[in-house]
Amino acid sequence: MAHETFGIKVPITRDAHNHAEEFAAEQISQNKRAKVYLNTLSVCAVRNFLNIVQIETDVELTGAWNPIKRAFSDVADLFIPNLEVYLECRPVLPEQEVVVLPEEVKEDRIGYVFVKFDNDLQEAELLGFFSSVELDKDRDEINLEELKSLEYLLTVLYDAQINSYRERLEKLLDANWVEPEKKLVSIGRRRRGNANQRSKEEQSSTPFLELERAKIIELEHQRFALMIEMKQGKEDEEIKLSFQLLPCGETTTSLPSGLELALLKPSGKVMISTTAKTGDNQLFLPPNPSKPATMELEKLESSRKTGKLFQIKITLNGKSKTEYFPSVQPIAQTIDCQIH
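Position 85, counted from 1, in the sequence shown is what my numbering calls 85; the numbers after and before it change by one each time, with no gaps.
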């Protein structure tokens, strides 16, 4: 059977029993006290496992730690704050092969971990994981033979973490920043060429998350494609940030000489700038693509809320266009461009 193959055993700590005894003592009936006791031990067992694999959890924001929800619901949830999701931890008795899910745990859960206890409640076995994606809304029974490994649970949490960070990055940009492949024709050829200017180390490394967006800039009766690339090596690292400016048009193959691309602080002071020379077909900020700028995601999110925004300034013939980063207002706009 599946749970006999990939179950992981964890000890039940004295602290877990103390919480279980405290919460169970609040209940009126013996049956309810037993349920709350096992629910609490289940949450503690899964929390211990996730702590071992360095996934942060928070029990204080759960129904299992809420006295009112404990009294009136059958919940054993564990909150994962980095993802803002709840994981249900359902207890399994020694001879049990099928678990019935209470109605109140069939929503707002990323999935279910099933925890089997020995008779003296000194050790728990995490039998496996069942994703909420696979749970039909009319179904309330899970056969333990259907469970997937805890490794699959970690994959689901990892994917959810990537999606969470991606959403946070996307919120830094308004709707006019679009995916290059959707709005910029033939951009792939130019982007592949840019790889030659990047270090071998950067090309070979795989980032935790990478997001590319593009925006059309019109200045002095000319059109340019402003690109932004955000990379995150690991979930706890700063964002690597770089900008690129390309000519946009069916016959335009190079940037006008003297075109300036600059990154300004919220105060308006120039942080870094670069200027096109005759024949240049692209500009980078920072000028060396293998050494991108680094910024903290939380600080960028905070600057968006406070309005203290960085500025990307493009200047040509004494006239300029300024884009703010993070963006101010999400106003959708569609502009096509051809890059050669």
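Note that these hints are calculated values from the structure, not bench results. A quick note: this is a predicted structure, and the numbers were derived from the prediction, not measured. Heads up, a few of these hints could be off.
[As the list claims (entries may be wrong)] Using 20 Å as the maximum straight-line C-alpha spacing, the simulated DMTMM-like pairs for lysine to aspartate or glutamate come out as follows: (1) Lys9 to Glu107; (2) Lys69 to Asp136; (3) Lys35 to Glu84.
[Said to hold, decoys possible] Pairwise CB distance ranges, derived in the manner of DEER restraints: (4) Ser254 to Asn51: 51 to 57 Å; (5) Lys305 to Pro67: 41 to 47 Å; (6) Glu218 to Asn281: 16 to 22 Å.
We put the CB at the ideal spot given by N, CA and C, even for glycine.
Results of checking the hints against the structure:
no.: 1; hint: Lys9 to Glu107; verdict: 27 Å, violated
no.: 2; hint: Lys69 to Asp136; verdict: 24 Å, violated
no.: 3; hint: Lys35 to Glu84; verdict: 26 Å, violated
no.: 4; hint: Ser254 to Asn51: 51 to 57 Å; verdict: 56 Å, holds
no.: 5; hint: Lys305 to Pro67: 41 to 47 Å; verdict: 34 Å, violated
no.: 6; hint: Glu218 to Asn281: 16 to 22 Å; verdict: 19 Å, holds
Of the numbered hints stated above, those contradicted by the structure are hints 1, 2, 3, 5, listed in ascending order.
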